[in-house]
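From first to last, the protein sequence lines are chains A and B. By our numbering, the letter at position 126 of the first sequence is numbered 126, and the numbering carries on one by one without gaps. By our numbering, the letter at position 1 of the second sequence is numbered 1, and the numbering carries on one by one without gaps.
Simulated from the structure, these hints should not be mistaken for lab results. Zero decoy hints are in this set.
Lysine-lysine pairs mimicking BS3-like chemistry, simulated, CA-CA at most 27 Å apart: (1) LYS73/A with LYS28/B; (2) LYS34/B with LYS186/A; (3) LYS64/A with LYS28/B; (4) LYS34/B with LYS13/A; (5) LYS34/B with LYS133/A; (6) LYS132/A with LYS157/A; (7) LYS133/A with LYS58/A; (8) LYS133/A with LYS22/B; (9) LYS34/B with LYS187/A; (10) LYS73/A with LYS17/B; (11) LYS13/A with LYS17/B; (12) LYS28/A with LYS17/B; (13) LYS186/A with LYS28/B; (14) LYS34/B with LYS64/A; (15) LYS143/A with LYS64/A; (16) LYS143/A with LYS34/B; (17) LYS41/A with LYS17/B; (18) LYS16/B with LYS41/A; (19) LYS22/B with LYS64/A; (20) LYS22/B with LYS41/A; (21) LYS133/A with LYS92/A; (22) LYS73/A with LYS31/A; (23) LYS13/A with LYS64/A; (24) LYS22/B with LYS31/A; (25) LYS132/A with LYS143/A; (26) LYS64/A with LYS132/A; (27) LYS31/A with LYS13/A; (28) LYS34/B with LYS132/A; (29) LYS16/B with LYS92/A.
Rough simulated footprint, nothing fancy, chain A against chain B, three-plus residues with beta-carbon under 8 Å: (30) 14-27; (31) 36-43.
None of the values given here were measured: they were computed from a predicted structure. Glycine included, every Cβ here is placed at the ideal spot set by N, Cα and C.
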Amino acid sequence: MKKNHISDSILVKSYIDGDERSLEMLIKRHKQRIYNFIYSKVFDRDLTEDIFQDTFIKVIRTLKLGNYNEEGKFVSWVMRIAHNLVIDHFRKNSRIPKFESNNDFDIFSVLKDNEIDVENKMIKDQILIEVKKIINLLPDDQKEVLVYRYYNELSFKEISKKTGVSINTSLGRMRYALINLRNIIKKQNISLTS
Amino acid sequence: MQKNYTDKQNFVLNPKKETIQKILNYSKSIGVIKHNDNNFIIDLN
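Make the full structure from the sequences, and use the hints.
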């Protein structure tokens with residue numbers, strides 16, 4: 001029986017409290033399982049390295065923001081993040097058409113500027129992903145108004161009915177949502193333009 | 001001695017040391033601030 005085995009739960013708490021060595025221990029303990037899980041889906045070593053890194057960046061951000069709930073095993077949570085990133089990768093790739101020009105026909109002779117080309121679409125998709133991440137950082141009441149307004153295209157009258165608050169309160173929450181979004185974008189130095 | 005299998009069902013692979021170091025460096029390079037009762041990540045560099 002191993003003595004002095006520190007549980008994942010204690011290491012996570014220790015990391016949240018500021019001990020960076022705890023993160024190192026967690027990674028070393030679980031790296032093989034997570035890495036092999038990703039590789040079993042994508043079968044590409046470079047891609048696996050990228051997704052592994054992105055997985056732990058998400059883990060770090062969630063822990064540091066205080067958004068982690070110890071409801072299950074730490075490693076199961078990390079695997080879910082890795083799994084979702086693998087899915088994101090496949091979704092992005094399936095949207096990118098591959099064209100090849102040959103001597104008889106050049107596809108670029110018919111793709112005009114008024115069509116969204118592949119690169120611009122990728123950039124737009126990435127911007128939308130970043131916007132969603134930023135929106136998720138807002139307080140729940142502000143996020144709710146913003147989502148209803150911009151994603152569901154509801155009027156403020158409809159929003160106030162749905163949320164049970166006055167129109168003025170909905171307007172106020174929207175105003176604060178936009179102020180907070182600007183602050184987040186400024187503080188995190190995010191570029192949302194292509 | 002660790003063996004690296006190429007069989008699809010039986011991987012024993014590990015991330016590069018550089019990848020792990022990048023992750024650890026990232027963790028040390030960011031901080032958290034509170035604003036309006038919310039926490040936000042900031043780059044300390």
